[in-house]
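Undergrad: So the chains spell out like this:
Number of protein chains: 2
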Amino acid sequence: MNPRYCVIMAGGIGSRFWPLSKNNYPKQFLDILGTGKSFIRSTFERFLPLVPAENFLVVTNAAYKQLVLQHLPELKDHQVLCEPMRRNTAPCIAYATYHILSQCPEASIAVTPADHLVTNEPEFHRIITQGLDFVESHNDALMTIGIKPSRPETGYGYIEVDQPREGIVPVASFKEKPDLETAKTFLAAGRYFWNSGIFIWSSHAIMSAFRQYLPDLVALFDQGKNLFGTPDEQDFINRQFEKCENISIDYGVMERSQSRYTIAADFGWSDIGTWGSLYTHARHDDSGNAVSGHAIPIDSQRCVVNIEPGYEAIVQGLDHCLVALRDHSLLVCRLDDEQQIKHWVEKL
Amino acid sequence: MNPRYCVIMAGGIGSRFWPLSKNNYPKQFLDILGTGKSFIRSTFERFLPLVPAENFLVVTNAAYKQLVLQHLPELKDHQVLCEPMRRNTAPCIAYATYHILSQCPEASIAVTPADHLVTNEPEFHRIITQGLDFVESHNDALMTIGIKPSRPETGYGYIEVDQPREGIVPVASFKEKPDLETAKTFLAAGRYFWNSGIFIWSSHAIMSAFRQYLPDLVALFDQGKNLFGTPDEQDFINRQFEKCENISIDYGVMERSQSRYTIAADFGWSDIGTWGSLYTHARHDDSGNAVSGHAIPIDSQRCVVNIEPGYEAIVQGLDHCLVALRDHSLLVCRLDDEQQIKHWVEKL
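Line by line, the protein sequences are chains A and B. Positions 7 to 354 (my numbering) are the ones given, in order, by the first sequence. Positions 7 to 354 (my numbering) are the ones given, in order, by the second sequence.
No lab work stands behind these hints, which were simulated from the structure alone. Treat each hint with caution, since some may be false.
Treat identical chains as interchangeable: a pair holds within one or across any two.
[Stated by the list, open to error] Distance condition first, Cα-Cα at most 25 Å in a straight line; then the derived SDA-like pairs of lysine to any residue: (1) 353 / 289; (2) 190 / 253; (3) 348 / 325; (4) 154 / 132; (5) 28 / 132; (6) 154 / 129; (7) 249 / 92; (8) 353 / 142; (9) 348 / 292; (10) 353 / 293; (11) 28 / 300; (12) 181 / 166; (13) 28 / 298; (14) 353 / 136; (15) 28 / 318; (16) 353 / 290; (17) 348 / 314; (18) 183 / 158; (19) 249 / 218; (20) 190 / 168; (21) 353 / 300; (22) 348 / 298; (23) 353 / 147; (24) 348 / 58; (25) 190 / 210; (26) 181 / 170; (27) 249 / 129.
Here chain A stands alone, though its shape is the one from the complex (with noise of 0.2 Å):
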């Protein structure tokens, strides 16, 4: 068996939950739901019972490596690896499986987002042991794990597949973000799931995807090739960094490749992008108010009330707004419309 890793990808500045999360503080750091633990630090206990401390890498924003280090203070400093920017997920996954491969010539690995919600870990445990077990004896597969649609959701991505079926099966197509109808025929359908962003596969598979589909990337990596796992890393990444193409890793090669595979599961996951799907996992009292902090709602109904710990609050008299509270930035709004967020904190 292969040493298996687990990368967690932690670069999100998370703007949809402003004030909670802002750039110096971003939502993979904030124990949103009030579970007691952050996003971050509730991922990196998910996948320690299938992976060794030793073997985690967390890919962030330099800015935000002691951030990391204080949720996940298991680990050691060289692995946290520090983009110097933002180039989304397929730099950012080549540049931790260069790093793996400087230490390991051969290993399984899931890359995960650092700021999901997982409510059923034996499940999570199952599937994802499932798909290690897999990548392990088909060499090339790249698998995505699918979860089971519970509402025709059009925040997400979708996985397709020919017939459904349990257990790993390949991949018929990857469907962009739908609109409303769209997402209903895909939950009528029952061959459609929503791409969790948790992939599992190889570091042969992978190098072998990034050198066919990212030729470009790889070039760019491999000129400092001997570099990864020395001291000298950082300065090389510093300056190359910024000329990788800015491509998703399921645009840059899972949509291109023809050996990807994808497990329908069912482990209470969510995304918890917005703040009406906090709401939804959040714990509601009579009146259906979602309330975190020193906060008193009074014939108030429907509505997330967030405050910073050493603040009180008195919402009295909305019906499903939000009002959050946080590092000296308040906002109130409809919950309906919070996906105007960013454009109002422009505004700001």
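Keeping the supplied structure of chain A fixed, place chain B upon it in accordance with the hints.
TA: Structure of chain B alone, referenced to chain A:
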């Protein structure tokens, strides 16, 4: 002409403006309207053309003494009289009167709350001067300033006169806060004025009235008559003040007096006692929002947004609501329900 004194009553705790005003920072020290000056500072400056700085006294709670001196650096330490606890306006005024008499056997005294708004200062000066002149030539007169009502306000007490007449007229009676129907008849009748809580009298007149209507209060203070104005005054007050009856000057003196007068004034007065009155007097944007601090209203109308310096806020999708953030406390509520603020704060 007697020396003229101004007594500023500044002991209030202003719980109706939570979270802006709290026990540790009550309304009189706030610049709620964003004029650049606190209420107490504005009150002081408003009387300064009429009374020399050394003839001001501020009566406040011991806890606020340093705040008073910060806001009114022109005052000497001994010009801030400290009540050890709240005992309403009659004991407050008695204390100030005894203190003045220790300095000056015959004085003219204007007594004013610390936290009111006046927009027409020249007219204010004309009215107060007229009052001071009057009490200096009418040695028993107790004057109260009436305000010509502009609406059927149910939040103020009223002063009734027998017939509407310009200038200084005898008071027929004092009326408690009326219900709306009564307030409408008051407004229509033209001989009812809002009770501003501003009083003018000679030291002789108010002491005579105290002796006649509140003899117990006089007996209490007489025990330390020779201590006022000495280093032992505070000690005496700390021992004695608790024993004073908790009674207002209106109820204890004005309603019982036979020599009470009023003048119907129109100098842009408001006690800004509620967020609603603040809304009325503040500047509005095109959507009718009164915004103070770094806050952006979006799709919001007729809101009061009051954000502490150093914070930023987005307020979206609200109609006629209050959003106030101060001192680690946040209040979001419907302006129409603001009379409940006190109860909500108790829940916190």
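Undergrad: Hint by hint, say whether it matches the structure.
TA: Status of the hints after comparison with the structure:
1. Proximity of residue 353 and residue 289 under a CA criterion of 25 Å is satisfied inter-copy only: 21 Å between copies versus 32 Å inside one chain copy.
2. When the C-alpha separation of residue 190 and residue 253 is checked against a cutoff of 25 Å, the pair qualifies neither within a copy, at 29 Å, nor between copies, at 71 Å.
3. Proximity of residue 348 to residue 325 under the C-alpha cut-off of 25 Å is found in both arrangements, the shortest distances being 22 Å within a copy and 22 Å between copies.
4. In this assembly of identical chains, the alpha carbons of residue 154 and residue 132 lie at most 25 Å apart only when taken from the same copy (15 Å versus 79 Å across copies).
5. Taking identical chains as interchangeable, the C-alpha atoms of residue 28 and residue 132 are never at most 25 Å apart, the minima being 35 Å within one chain and 55 Å between chains.
6. In this homomeric assembly, residue 154 and residue 129 come within 25 Å of each other (Cα to Cα) only inside a single copy, at 13 Å, whereas the closest approach across copies is 75 Å.
7. Within a single copy, residue 249 and residue 92 get their C-alpha atoms as close as 11 Å, which meets the 25 Å cut-off; across copies the closest is 71 Å, which misses it.
8. Taking identical chains as interchangeable, the C-alpha atoms of residue 353 and residue 142 are never at most 25 Å apart, the minima being 50 Å within one chain and 59 Å between chains.
9. Taking the closest pair of Cα atoms, residue 348 and residue 292 come within 25 Å of each other only across two copies (23 Å); inside a single copy the shortest separation is 31 Å, beyond that limit.
10. With identical chains, the CA atoms of residue 353 and residue 293 are at most 25 Å apart between copies only, with a shortest distance of 17 Å across copies and 33 Å within one.
11. Taking CA atoms no more than 25 Å apart as the test, residue 28 paired with residue 300 passes in both settings, with 21 Å inside one copy and 18 Å between copies.
12. When the C-alpha separation of residue 181 and residue 166 is checked against a cutoff of 25 Å, the pair qualifies only within one copy, where the shortest distance is 7 Å, while the shortest distance between copies is 78 Å.
13. Taking identical chains as interchangeable, the C-alpha atoms of residue 28 and residue 298 lie at most 25 Å apart whether they share a chain (18 Å) or sit on different chains (24 Å).
14. Taking the shortest Cα distances, residue 353 and residue 136 never come within 25 Å of each other, neither inside one copy (48 Å) nor across copies (52 Å).
15. In this assembly of identical chains, the alpha carbons of residue 28 and residue 318 lie at most 25 Å apart whether taken from the same copy (21 Å) or from different copies (13 Å).
16. In this assembly of identical chains, residue 353 and residue 290 lie within 25 Å of each other by CA distance solely across copies; the values are 19 Å between and 32 Å within a copy.
17. For the identical chains of this complex, residue 348 and residue 314 are neighbours both inside a copy (20 Å) and across copies (23 Å), given an alpha-carbon limit of 25 Å.
18. Within a single copy, residue 183 and residue 158 get their C-alpha atoms as close as 11 Å, which meets the 25 Å cut-off; across copies the closest is 58 Å, which misses it.
19. In the homo-oligomer, the alpha carbons of residue 249 and residue 218 lie at most 25 Å apart inside one protomer (19 Å), although the nearest pairing across protomers, at 92 Å, exceeds that limit.
20. For the identical chains of this complex, residue 190 and residue 168 are intra-copy neighbours only, at 18 Å inside a copy versus 77 Å across copies, given an alpha-carbon limit of 25 Å.
21. Taking identical chains as interchangeable, the C-alpha atoms of residue 353 and residue 300 lie at most 25 Å apart only when they sit on different chains, with a minimum of 11 Å there against 29 Å within one chain.
22. Proximity of residue 348 and residue 298 under a CA criterion of 25 Å is satisfied in both settings, with 22 Å inside one chain copy and 23 Å between copies.
23. Taking the closest pair of Cα atoms, residue 353 and residue 147 never come within 25 Å of each other, the shortest separation being 46 Å inside a single copy and 59 Å across copies.
24. When the C-alpha separation of residue 348 and residue 58 is checked against a cutoff of 25 Å, the pair qualifies neither within a copy, at 38 Å, nor between copies, at 55 Å.
25. Proximity of residue 190 and residue 210 under a CA criterion of 25 Å is satisfied in neither setting, with 38 Å inside one chain copy and 87 Å between copies.
26. Taking identical chains as interchangeable, the C-alpha atoms of residue 181 and residue 170 lie at most 25 Å apart only when both belong to the same chain, with a minimum of 16 Å there against 81 Å between chains.
27. For the homomeric pair residue 249 and residue 129, neither the shortest alpha-carbon distance inside one copy (40 Å) nor that between copies (72 Å) is at most 25 Å.
Hint compliance for this structure: hints 2, 5, 8, 14, 23, 24, 25, 27 are not met, and every other hint is.
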